[in-house]
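Enquirer: Chain residues, written in single-letter form:
Protein chains: 2
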Amino acid sequence: MNRINKSERIGTIIKILTENPQKIFTLNTFGDLFECAKSTLSEDIDIVKNIFKKFDLGSIETVAGAAGGVLYKPVMTKEQIKNFCEELCQRINQTDRMIPGGYIYLNDLIYSPELSYSMGKALASFFQDQDFDYVVTIETKGIPLALMTARVLNKPLVVVRKEGKLTDGTAIHMNYLTGSSKRIQTMSLAKRALPEGSKVIFIDDFMKAGGTAKGIMDLMKEFECEAVGVGVLMATKEPEEKLVEEYATLLVLEKVDEGKKEIIVKPFLKTAF
Amino acid sequence: MNRINKSERIGTIIKILTENPQKIFTLNTFGDLFECAKSTLSEDIDIVKNIFKKFDLGSIETVAGAAGGVLYKPVMTKEQIKNFCEELCQRINQTDRMIPGGYIYLNDLIYSPELSYSMGKALASFFQDQDFDYVVTIETKGIPLALMTARVLNKPLVVVRKEGKLTDGTAIHMNYLTGSSKRIQTMSLAKRALPEGSKVIFIDDFMKAGGTAKGIMDLMKEFECEAVGVGVLMATKEPEEKLVEEYATLLVLEKVDEGKKEIIVKPFLKTAF
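Those protein sequences? They're chains Z and G, same order as listed. Numbered per this note's numbering, the first sequence spans residues 18 to 290. Numbered per this note's numbering, the second sequence spans residues 18 to 290.
These are calculated hints, taken from the structure and not from any lab test. Here the structure is a predicted model, which means the values were calculated and not measured. Do not rely on the hints blindly, as some may be mistaken.
When chains are identical, the list treats them as one kind, so a pair holds in a single copy or across two.
[Stated by the list, open to error] Straight-line C-alpha distance at most 30 Å; calculated DSSO-like pairs for lysine-lysine:
{"id": "1", "residue 1": "K71", "residue 2": "K199"}
{"id": "2", "residue 1": "K71", "residue 2": "K216"}
{"id": "3", "residue 1": "K182", "residue 2": "K278"}
{"id": "4", "residue 1": "K99", "residue 2": "K70"}
{"id": "5", "residue 1": "K254", "residue 2": "K182"}
{"id": "6", "residue 1": "K70", "residue 2": "K238"}
{"id": "7", "residue 1": "K208", "residue 2": "K278"}
{"id": "8", "residue 1": "K277", "residue 2": "K182"}
{"id": "9", "residue 1": "K199", "residue 2": "K254"}
{"id": "10", "residue 1": "K182", "residue 2": "K225"}
{"id": "11", "residue 1": "K259", "residue 2": "K283"}
{"id": "12", "residue 1": "K283", "residue 2": "K208"}
{"id": "13", "residue 1": "K225", "residue 2": "K208"}
Hey, can you work out the whole structure from these sequences and the hints?
Expert: Structure (C-alpha cells):
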C-alpha cells in the first residue's frame, strides 16, 4: 500500500468511528491499518475531535487505560433535538393523519430508516451516560425506534413478543393489564434472551397510561433484571400520572379532536426547558 | 467560524455521507458549510473517493446534472460478504442454538444492531443497482434486517402486519397458505402504506418453501404494486424449488439434526461463486 497521508488517515478514522457508534477502537487498530506511529495518531484524533465539535457532529471521546481507545458518541445538542422534533410535529399535525377512533397514522414516519435513526439518536441522548446492558422493546411498532436507539448506544436489542413463538424455545409468559382500557394482554420472552442481573432500558413508540411499560418492568423482575429507564417517541398529555414514575419522550400528544379534525402534538423539550 | 482546512473538510464530508447512505448531497451544500469554492470541493471529493476505494469502505459516487451531487453507497465486496457470512455461520452452528421442533435460536443475532446493520449492508449489495421504491417486510423477526437494508439503500420501509390494527386505518387483508405446512395465515396492510404503481423488494429473516414471499407478491398485486426482488437472511436447502422464482440469501440452512445435535448453515456465496 502507498504511503497514507493525513487527510486519508483522518477520513478513514471518521468513516470507521461513524459507522460503529460507541465502539472503542484502540490506537493500535489504526496504527496497524496505517502503519504509523501512535504520536501521529494522537494528533489525528485531536483533529477528529475538533471537527466533530466545530460542526456539532456528536462527540469523540478518548478512553484511557489498557482497554482504552477512541469512540464516537452520536449525541445531539438540545437545539438539534428541538429542531428535529419540531420538524416531526409539522409532519404529524395534519388532518389527513387522523384515523377513526382518535388514532394518528404514523407508520410512514416510524418506519422511515432516516427518521427512525434520528429518533433513535435523539432519544439515545437521554440515556447516553446511563449504565445498562440491553435495550428492550415490545413488538411491533416500537422495533425500528428501539433498534436505532440500541445502535446509537451500541447495546443489544431484546424484543418481547405478544404471544409465544416456537422459535423462542423456553419462554416466560406474563399477563398484564393495559393502563387505559384495562384489557388483559400477554407478553412473552425467551428464557435465554436476558441473563439474570441485567439492567435494561425500555423503548417504545407510544405511551398513554404506561400499562405496557409497567408490564415490561414486571416482566424484567421475573428475569431477575431491572428496567432503569423508559423512553418513548410520543406520550399523551393525559393522564398526566403514568403507571411508571419516570420516562423520556420526544413528543407530547396534547389533543386529537375528531370533530374539529385537529391533531396537536408538540416537542417535549419546548415545554421542559 | 475559523478558516476550515482540507482535513477538516474531508473529515466532515465523510461523516455526513457515511451517516446518510445513498442520499445525494450537492456541492453547494458543502460549499455553504465550508464557505469555499466548488473547485476546492471537487478536489476534496476525489480524495474522499480514493480513501473509500483504498480501504474498501464502500463507494462514493458522483451524480451529474442539475439534481446532481455526491453520495455514499455502502457496498461490500464479495470477499467482505463471504467473510461476514462465515463469521455468522460459526456463531450459528452451535448445538445450544437448537430448539425443540428443529428450529434454531437466532434472536440474539438478528436483533443485534451491529450484526443486523452488517446483514443489511450485505443483503443490500444484491439490490444496489435495482430500480425500486420501497422495502417491504412482514412482522416480526424480519424487521431489523429489513430496516437496515432499507437504511443502506435509503428507501422507506413498509411493514405488513399479521393481523389488522386500529392504528392502520383502512387496510387490505389477505389470507394465504404457508408454503410448507399449508396453514392459513392472514396478512394486512394499511391502504395508504403503498401508492399504486410502486416497485418493492421483500426482505425477511427466513425462507422455507417461500409461501410468505409468494403471499407478499400477491398482496402487492392487490395494491397495484410489483415485487421486483426478494432477499432473506437464511433459506433452507430443501425444498430446492421455492414458490418464488428468484431470491437472494446470505445463508443456506442445510440440516438441523435434533438427534445428532447438529446444525449446518453455510454461506450462500461459498456455493454460488
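Enquirer: Could you tell me which of the numbered hints above are not met by this structure, giving the numbers in increasing order?
Expert: When the structure is compared with the hints, numbers 1, 2, 6 turn out to be violated.
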